[in-house]
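Residue numbers (our numbering), protein chains in the order written: chain S, 1 to 348; chain H, 1 to 348.
Hints may be right or wrong, so weigh each one.
[As the list claims (entries may be wrong)] Within a straight-line C-alpha distance of at most 25 Å, the following computed DMTMM-like cross-link-like pairs (lysine to aspartate or glutamate) qualify: (1) S:K41 - H:D90; (2) S:K85 - H:E44; (3) S:K329 - H:E44; (4) H:K78 - S:E84; (5) S:K52 - H:E337; (6) H:K344 - S:D40; (7) H:K329 - S:E189; (8) H:K65 - S:E333; (9) H:K85 - S:E84; (10) H:K328 - S:D193; (11) S:K329 - H:E197; (12) S:K220 - H:D200; (13) H:K41 - S:E333; (14) H:K268 - S:E158; (15) S:K220 - H:E158; (16) S:K329 - H:D193; (17) S:K78 - H:E44; (18) H:K85 - S:D40; (19) H:K328 - S:D40; (20) S:K268 - H:D200; (21) H:K328 - S:D200; (22) S:K344 - H:D62; (23) S:K328 - H:D199; (24) S:K68 - H:E333; (25) S:K256 - S:D287; (26) H:K64 - S:E84; (27) S:K163 - H:D142; (28) H:K65 - S:E197; (29) S:K64 - H:E84; (30) S:K344 - H:D40; (31) S:K329 - H:E299; (32) S:K65 - H:E84; (33) S:K64 - H:E337; (34) S:K266 - H:E158; (35) H:K328 - S:E197; (36) H:K85 - S:D67.
[To be verified] Taking CB as the label site, the calculated pair distances span: (37) S:K52 - H:H331: 28 to 36 Å; (38) S:K3 - H:K78: 29 to 37 Å; (39) H:H331 - S:K183: 30 to 38 Å; (40) H:P233 - S:H331: 30 to 38 Å.
Simulated from the structure, these hints should not be mistaken for laboratory data. Backbone N, C-alpha and C fix where the C-beta goes; we use that ideal spot for every residue, glycine too.
Chain residues, written in single-letter form:
There are 2 protein chains.
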Amino acid sequence: MSKTIAIVFGAKSYEHEISIVSSISMKKVLKNDLKFIFIDKNREFYLIPSDKINSKLFSSSDYKKFDKLNIVQNGFTKKSLFGEKFIDFDIVLNITHGGDGEDGVLASLFEFFNIPFIGPRNEACVVSMDKYITKTYSSGCDVKTLPCQYVTPQSVNELKIDKYPVIVKPTKLGSSIGVSIVKSENEIEYALDTAFEFDDSAIVEPFIAGVKEYNLAGCKINGEFNFSIVEEPQKEEFLDFEKKYLDFARTEQVLKAEVSEDLTNKLKRNFINIYNNTFEGAIIRCDFFVIDDEVYLNEINSIPGSMANYLFDDFNDLVNRLSNSLPKKRHIEITYEYVNTIQKAKGK
Amino acid sequence: MSKTIAIVFGAKSYEHEISIVSSISMKKVLKNDLKFIFIDKNREFYLIPSDKINSKLFSSSDYKKFDKLNIVQNGFTKKSLFGEKFIDFDIVLNITHGGDGEDGVLASLFEFFNIPFIGPRNEACVVSMDKYITKTYSSGCDVKTLPCQYVTPQSVNELKIDKYPVIVKPTKLGSSIGVSIVKSENEIEYALDTAFEFDDSAIVEPFIAGVKEYNLAGCKINGEFNFSIVEEPQKEEFLDFEKKYLDFARTEQVLKAEVSEDLTNKLKRNFINIYNNTFEGAIIRCDFFVIDDEVYLNEINSIPGSMANYLFDDFNDLVNRLSNSLPKKRHIEITYEYVNTIQKAKGK
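Taking the hints into account, I'd like the entire structure generated from these sequences.
Okay, structure coming up:
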């Protein structure tokens, strides 16, 4: 029998609204019994009935008429006449993009409260959320990324740009928020200010107009990799927040990119290296550049828009198989052996 | 008036017991009103009265007779006759070593539930907990570390050791747990097996007998760095878990290492680079090697044993000043502007 999945979404994030749209899209692609647990901007949990969910519910604050939940060891509870009652589900699917969901906060909550979930673990979040750490992590995994400079408001004077255009990105945000393409020196200050509005640091990379981009999604199930088709994203110069956002609402299949078997294999090898053990339990999308036949990682989406469901032949099957192959934490035995040793050592 | 500090300790960690000892040591060095919030091995919270705390309380399970707490938005509550009642404190001091405390789980909880705390933030935890990520992070901060090889049970065959002795460490644990010095090839398999008992990966570094080691603790308060004295740790070959552990119980001042002003400044510069903005809000201890006058970072203790209080002239003052200088998160405005745009775009 298929599992009951609780979709957790919303939260304190610049991508709060994208998360709502992504979550609603799951109704069309997952055949499981679904529950929807909304985290509002005050980080309170609400249980939204599956047949009542629509995006207006949230902008109107009407969600507040539904049950408020508490997170406790082993799950979520709601108040009932006879005390607290557990919400019945088997597994959480974390579809909270950006803050809280992709920065490790929710992963940590689920870990602490012993709630099984599909989604990136805390370390995976930090590695993918921080674009600078992504680069150092990738180099350790033998995956190329574009060179970059790391800039803070204090170190702006040390920035040296030999060649324009460059692209300026806040270090820790997704969905193109605060990102600018800078074509000449007189635009750089404004671009950095924009990035610093959203984050304490930024990275500056060469911008390569018309660079070939390919996206590949996948996950590891019982030690075997399961890949999506390779997508060549449609783009103008680059997708701004609004375009990407509207795009997230799609649930239809995209066209498979026309790529050689050789390149497909290269992309898969790079994906495998990045995924490593770090991303176990998550369906991620890696966005790559290809320059002179070399593959470069652009970014890791640890909770991609609409879970990248449109890239998979049978997303429903993928989710259900992954739900049986989640990473397990080691058991930690706490024996108080050392406290006892100390008590003896102190003669207590 | 000085703040009431809630010391949070224990939790699901190989260093659960060290955390108990560190926390009890705070009674001697902090003049603030203290509350003690114990996280037991099942990750339930208990409020331990300050005058009742001693290490036996935990090994005997007697802590269970005290109030059980819930974590909710803005704090912890306990059941009272008239519903849930908030526990009164101003700030948490996170003294949970290892798992939960230093891996970002508790930092994420405090962040999610809007509880101000002294301690490393989530990203700082991941950067310092994972010894491999520490190295890549350090290189980005212009701080040297020893070269290493990253090994998983699957990649053992690729390991190439040119020269013994080496030191084998689980990638993600502190306090020398699972660490071995390996003097020749026939000992390496056993050392790796030991490391893999505690973690899914290990790092292998050259072991330099008699290397000079110096520890420096500190924090940033209102943009200014506050440093401890430089400590030259007493060591035999290296401190094993038990020795380090017993050592953690100390509260007396240690002797200042005899180091030149030049070296002291070098250590401080390296500390500043590592601390960056990443470790704001935390008192950390960096452990350095000095080889041929060059400084190498060995490890970052984001919640050092006994908070390294014995290295500071006035630890009480430091904690109280830091409690007024904690990093603040940006406000995230959630407007539902984009959801409204989509509703329009869809003609809904």
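Problem - Hints the structure fails to honour - result: Structure breaks hint 28 only.
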